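Let the sequences and hints guide you as you build the complete structure.
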Amino acid sequence: MTEEMEVGIDSAPTVRFEEVCKSFNSKAVLSGITFDAPAMSTTCIIGPSGSGKTTLLRCVNRLDTPDSGHIYLGDVDVSAPGIPLEQVRAKIGMVFQSFNLFPHLSAADNVSLAPRVVRGLSAEEATEKALALLKRVGLLEFAAAKPTQLSGGQQQRVAIARALAMDPRLILFDEPTSALDPELVQEVLEVMGELSREKITMIVATHEMRFARQIAGLVVFMDNGVVVEQGPPAEIFEHPKSPRLINFLGQVGVL
Amino acid sequence: MGNVLQRLGHTFLNPQILAKTLPTLLKVGLPNTLILSAGAMALGLIVGLCIALVLLSRRMWLRGLGRVYVSVFRGVPHIVSIYLIGQGLPLAGISLFGGNSYLYAMLAIGIVEGAYISEILRSGVRGIPTGQFEASKALGMSNAQAMRHVIIPQSARAILPALTGQLNLVIKNTALVFLLGLQAGQRELFAIAQDNSSNYASLTPLVAAGFLYLLITVPLSYLVSSLDRRMGRSAGRVRGTSAMTSALAGGNGVGAGTI
Ligand SMILES: Nc1ncnc2c1ncn2[C@@H]1O[C@H](COP(=O)(O)OP(=O)(O)O)[C@@H](O)[C@H]1O
Ligand SMILES: [Mg+2]
Numbered sequence: 001m002t003e004e005m006e007v008g009i010d011s012a013p014t015v016r017f018e019e020v021c022k023s024f025n026s027k028a029v030l031s032g033i034t035f036d037a038p039a040m041s042t043t044c045i046i047g048p049s050g051s052g053k054t055t056l057l058r059c060v061n062r063l064d065t066p067d068s069g070h071i072y073l074g075d076v077d078v079s080a081p082g083i084p085l086e087q088v089r090a091k092i093g094m095v096f097q098s099f100n101l102f103p104h105l106s107a108a109d110n111v112s113l114a115p116r117v118v119r120g121l122s123a124e125e126a127t128e129k130a131l132a133l134l135k136r137v138g139l140l141e142f143a144a145a146k147p148t149q150l151s152g153g154q155q156q157r158v159a160i161a162r163a164l165a166m167d168p169r170l171i172l173f174d175e176p177t178s179a180l181d182p183e184l185v186q187e188v189l190e191v192m193g194e195l196s197r198e199k200i201t202m203i204v205a206t207h208e209m210r211f212a213r214q215i216a217g218l219v220v221f222m223d224n225g226v227v228v229e230q231g232p233p234a235e236i237f238e239h240p241k242s243p244r245l246i247n248f249l250g251q252v253g254v255l
Numbered sequence: 001m002g003n004v005l006q007r008l009g010h011t012f013l014n015p016q017i018l019a020k021t022l023p024t025l026l027k028v029g030l031p032n033t034l035i036l037s038a039g040a041m042a043l044g045l046i047v048g049l050c051i052a053l054v055l056l057s058r059r060m061w062l063r064g065l066g067r068v069y070v071s072v073f074r075g076v077p078h079i080v081s082i083y084l085i086g087q088g089l090p091l092a093g094i095s096l097f098g099g100n101s102y103l104y105a106m107l108a109i110g111i112v113e114g115a116y117i118s119e120i121l122r123s124g125v126r127g128i129p130t131g132q133f134e135a136s137k138a139l140g141m142s143n144a145q146a147m148r149h150v151i152i153p154q155s156a157r158a159i160l161p162a163l164t165g166q167l168n169l170v171i172k173n174t175a176l177v178f179l180l181g182l183q184a185g186q187r188e189l190f191a192i193a194q195d196n197s198s199n200y201a202s203l204t205p206l207v208a209a210g211f212l213y214l215l216i217t218v219p220l221s222y223l224v225s226s227l228d229r230r231m232g233r234s235a236g237r238v239r240g241t242s243a244m245t246s247a248l249a250g251g252n253g254v255g256a257g258t259i
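Chains as they are written, first to last, in the working numbering: chain U, 1 to 255; chain L, 1 to 259.
To be clear, the hints were calculated from the coordinates, so they are not data collected in a lab. Predicted, not measured: the structure shown is a model, and the values here were computed from it. Careful: at least some of the hints might be erroneous.
[To be verified] To give an idea of the interface, some chain U residues facing chain L are shown, with a C-beta separation under 7 Å as derived from the structure:
hint	residue
1	Arg89
2	Met94
3	Asn100
[To be verified] Calculated Cβ distances over 10 Å to all of chain L for the following chain U residues:
hint	residue
4	Gly8
5	Ser11
6	Asn25
7	Gly32
8	Met40
9	Asn61
10	Asp67
11	Ala90
12	Phe102
13	Asp181
14	Ala234
15	Ser242
16	Gln251
Cβ coordinates follow ideal geometry from the N, Cα and C atoms, glycine included.
Take a look at the structure:
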């Protein structure tokens, strides 16, 4: 480990978005996103595709960098230039729409790789941890399986275990069930619901309105790069105010 | 009729000439060819790795420089590059190795091979879906860690066969070093065969040299295909097969260049 500045992120940080802007090729994708995702709670981001959900999540762990504005994890401004990216990312889990498991490694090795390589755990410690996490997502008997031998739902559960293996302060989920066959969605949502009950801080971009309604502490509706409406699920789903949200909920069949 | 056969025999396969030249071919030529090949390949790998990193760089001007390097050394006949590097450097006063043509030859071949090898490595890495990089980054891995643990193991299947194929070409290209003039003990297979062929007015030594090249290159080719099959089996169906096919296609295109 190099002797760069050690970033101290709270064990359960509030994630604060302040006027976050981002353009691609001079096309504005995020235009002043501002909201707080509370600690130890699940925040669901909903909105039509192309509204900027993925880009916003990628700005949190700096796979993308905002053009302006700030994102704070607790006291730490992760959007600041010069922040030690690898340290920050090691503390933020991410689950991708397309799983992105490492196809050359077994499920257990997928989970244990980062703890070994990034955190310096011994092979035994890392494997022990990986097996415990695979058990937690109900896949212990698939520890030796390669990703191609697993169903989509199983792959995504391994991906969740892989994110958990770094003991993240926050986990970002980018439409974790959108690539799944309908019958495989539930097993993934169940694991996520479990994490939510364990008070892990999560930000979830999702089209699963039922999940958002049951699990979220806060629902944020984004459209066209702006936060149009935010509030507790009861308010967002029962009493939507803005025409755009009403229209969107109509389209996804909630209203 | 008998006369024609006799002449053919003398030209291509004269037992006495074979007996006289084979010991030198085996004792001097073969080791030198192997040493030159190994040295040029090692150098080519180092150069190729550096150029591959340049080709994958985020800076456009760096990538541009890399492209120029690759285009030049893949586009110019090897014979020209080897003359220019092997004779040019000492002439220009850059005498890294004194008057030792052997090492200049190694350097020249290594520099040229580096261009081919960089393309093999680049296309191998490029073939891996970006999601693999991003998943590694998201877990806190550095570039080097992502490369070592995630990207390179997956691109090995595309890279290794093409790389071994390139080694075959290096072995054959070492024949070009005779151009630079070698001392007796430094001569490789082709130089010895050529000297003896003109001495004895028979091509027998060249035929023998040809067989010795085959003795190295054919097993190497078999090694490549068995390696490929073995990795194919262990890798199973790897997601993002486009990666491999494009890298292999690139590899073939890359490997196609000799003089
Ligand atoms: N790397 C990129 N380059 C160019 N445009 C991009 C890039 N990433 C996203 N976009 C554009 O940004 C917009 C928002 O995309 P995204 O954040 O993926 O939205 P969502 O996840 O809500 O569907 C889309 O119009 C998309 O085409
Ligand atoms: Mg998206």
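Here is what the structure says about each hint:
1. The restraint placing Arg89/U at the interface with chain L holds, with a minimum CB-CB distance near 5 Å, inside the 7 Å limit.
2. Of the supplied interface hints, the one on Met94/U holds, with its beta-carbon coming within about 4 Å of a beta-carbon of chain L, less than 7 Å.
3. Below 7 Å, beta-carbon pairs count as interface contacts, and Asn100/U has one with chain L at about 4 Å; its hint therefore holds.
4. Non-interface status of Gly8/U relative to chain L is upheld: no Cβ of that chain comes within 10 Å, the nearest being about 16 Å off.
5. The Cβ of Ser11/U lies farther than 10 Å from every Cβ of chain L, with a closest approach of about 17 Å, so its non-interface assignment holds.
6. With a cut of 10 Å on Cβ distances, Asn25/U stays outside the contact zone with chain L, its closest approach being about 16 Å.
7. Every CB of chain L lies more than 10 Å from the CB of Gly32/U, the least distance being 25 Å, so the non-interface label holds.
8. Every Cβ of chain L is farther than 10 Å from the Cβ of Met40/U; the closest lies at roughly 22 Å, confirming the non-interface assignment.
9. Not every beta carbon of chain L lies more than 10 Å from that of Asn61/U, the smallest distance being close to 6 Å; the non-interface claim is violated.
10. Annotated as non-interface, Asp67/U keeps its C-beta farther than 10 Å from every C-beta of chain L; the closest such distance is 18 Å.
11. Residue-level check failed: Ala90/U sits 3 Å from the nearest beta carbon of chain L, not beyond 10 Å.
12. Against the 10 Å criterion, Phe102/U falls within the reach of chain L, whose nearest CB is about 6 Å from its own CB.
13. Chain L leaves Asp181/U outside its interface by the beta-carbon criterion, the shortest separation being 17 Å against a cut-off of 10 Å.
14. With a closest Cβ-Cβ approach of about 33 Å to chain L, Ala234/U is found to remain outside the 10 Å limit, as its non-interface label requires.
15. Annotated as non-interface, Ser242/U keeps its C-beta farther than 10 Å from every C-beta of chain L; the closest such distance is 33 Å.
16. No Cβ of chain L approaches the Cβ of Gln251/U within 10 Å, the least distance being about 28 Å, so the stated non-interface status holds.
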